[in-house]
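With chain A fixed as given, assemble chain B onto it according to the hints.
There are 2 protein chains.
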Amino acid sequence: MIGRLNHVAIAVPDLGAAAERYRSAFGATVTGPDALPEHGVTVMFIELPNTKIELLAPLGADSPIAAFLARNPAGGMHHVCYEVDDILAARDRLLATGARVLGTGEPKTGAHGRPVLFLHPKDFDGTLIELEEVA
Amino acid sequence: MIGRLNHVAIAVPDLGAAAERYRSAFGATVTGPDALPEHGVTVMFIELPNTKIELLAPLGADSPIAAFLARNPAGGMHHVCYEVDDILAARDRLLATGARVLGTGEPKTGAHGRPVLFLHPKDFDGTLIELEEVA
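Sequence order for the protein chains is A and B. According to UniProt numbering, the stretch in the first sequence is residues 1 to 135, in order. According to UniProt numbering, the stretch in the second sequence is residues 1 to 135, in order.
Next comes chain A alone, as it looks inside the complex (with noise of 0.2 Å):
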């Protein structure tokens, strides 16, 4: 069940500087910056040929990102994302093994516009996860 690696979420205090860093240290196409409000973040993407990195920035009060920066003053590696073809299957499977799913549970439109869920890290070594569904 589980796809493609989606992304790996970086949070970064310096969005504009992480970003020439990437392309003046390693020749990366890096693009946006998009402003997310909803989410409370502002990305930009580093394009690999095989999937692309998230620099997350916080956006207003209450970014899902500020605890972790918080934590992390110089940024860190924040997340990572897998496709899934079925969301709600994917969920149910997690949940039948006992993993725990962040917030209610139902799964709510992503920074791409796509159904996403996140997952405990505690039940993945410390790794948080988000799951995107691909039709």
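Bear in mind the hints are in silico, worked out from the structure with no lab data behind them. Any given hint could turn out to be false.
Restricting the straight-line Cα-Cα distance to at most 20 Å, the calculated cross-link-like pairs of lysine to aspartate or glutamate (EDC-like) are [unchecked claim]:
no., chain 1, residue 1, chain 2, residue 2
1, B, Lys-108, B, Asp-34
2, B, Lys-122, A, Glu-20
3, A, Lys-52, B, Asp-85
4, A, Lys-122, B, Asp-14
5, A, Lys-52, B, Glu-47
6, A, Lys-122, B, Glu-20
7, B, Lys-108, B, Glu-133
8, A, Lys-52, A, Asp-14
A few chain B positions that, by computed beta-carbon distances, are all more than 10 Å from chain A [stated by the list, open to error]:
no., residue
9, Thr-31
10, Asp-34
11, Gly-40
Since we're looking at a predicted model, the values are computed, not measured. Ideal Cβ placement from N, Cα and C applies to all residues, glycine included.
Leaving out everything else, chain B in the frame of chain A:
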């Protein structure tokens, strides 16, 4: 110059438990374990359609991930590995932008038998980056 995301590495306290969790919760294909005493780790790989997740557990007394697991006993995302065509050219470009290469600055033979370098996480928003030369 930056190429494919070769893998995301996750340090885990118990490889067998982690592998079983990814198999049962996600239906993932997990290979290994492979003991790499010269690298101080035992590895397993979660095979994804576009990349792989490397699960790392310490092996021996001087494991390079022992300190990380001491700070993060439940485990956590440890590094990302990007492919490059020419690791010495990549290193020189990085050094010219002020980024720091860990260790002696000379490539070592990595876990996959290819030349690798690690970059200082303080230069990349708290993210430990491995570069691997793929010819």
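Verification of the supplied hints:
Distance hint between Lys-108/B and Asp-34/B is fulfilled; the C-alpha atoms sit about 19 Å from each other, no more than 20 Å. Taking the CA atoms of Lys-122/B and Glu-20/A, the gap is near 15 Å; set against the 20 Å cutoff, the hint holds. Under the criterion of a C-alpha separation no larger than 20 Å, the hint pairing Lys-52/A with Asp-85/B is consistent with the structure, at around 19 Å. Under the criterion of a C-alpha separation no larger than 20 Å, the hint pairing Lys-122/A with Asp-14/B is consistent with the structure, at around 13 Å.
Taking the CA atoms of Lys-52/A and Glu-47/B, the gap is about 17 Å. The hint holds against a cut of 20 Å. A distance of roughly 15 Å separates the Cα atoms of Lys-122/A and Glu-20/B; the hinted pair therefore holds under the 20 Å criterion. The suggested pairing of Lys-108/B with Glu-133/B holds, with an alpha-carbon distance near 11 Å, which does not exceed 20 Å. For the hint linking Lys-52/A to Asp-14/A, the alpha-carbon distance of about 19 Å falls within 20 Å, and the restraint holds.
Every beta carbon of chain A lies more than 10 Å from that of Thr-31/B, the smallest distance being close to 14 Å; the non-interface claim holds. The claim that Asp-34/B lies off the interface holds: its Cβ sits roughly 18 Å from the closest Cβ of chain A, which is beyond the 10 Å cut-off. For Gly-40/B, the requirement that its beta carbon stay farther than 10 Å from each beta carbon of chain A is met, with the minimum near 18 Å.
Going through the hint list in order, the structure satisfies each hint without exception.
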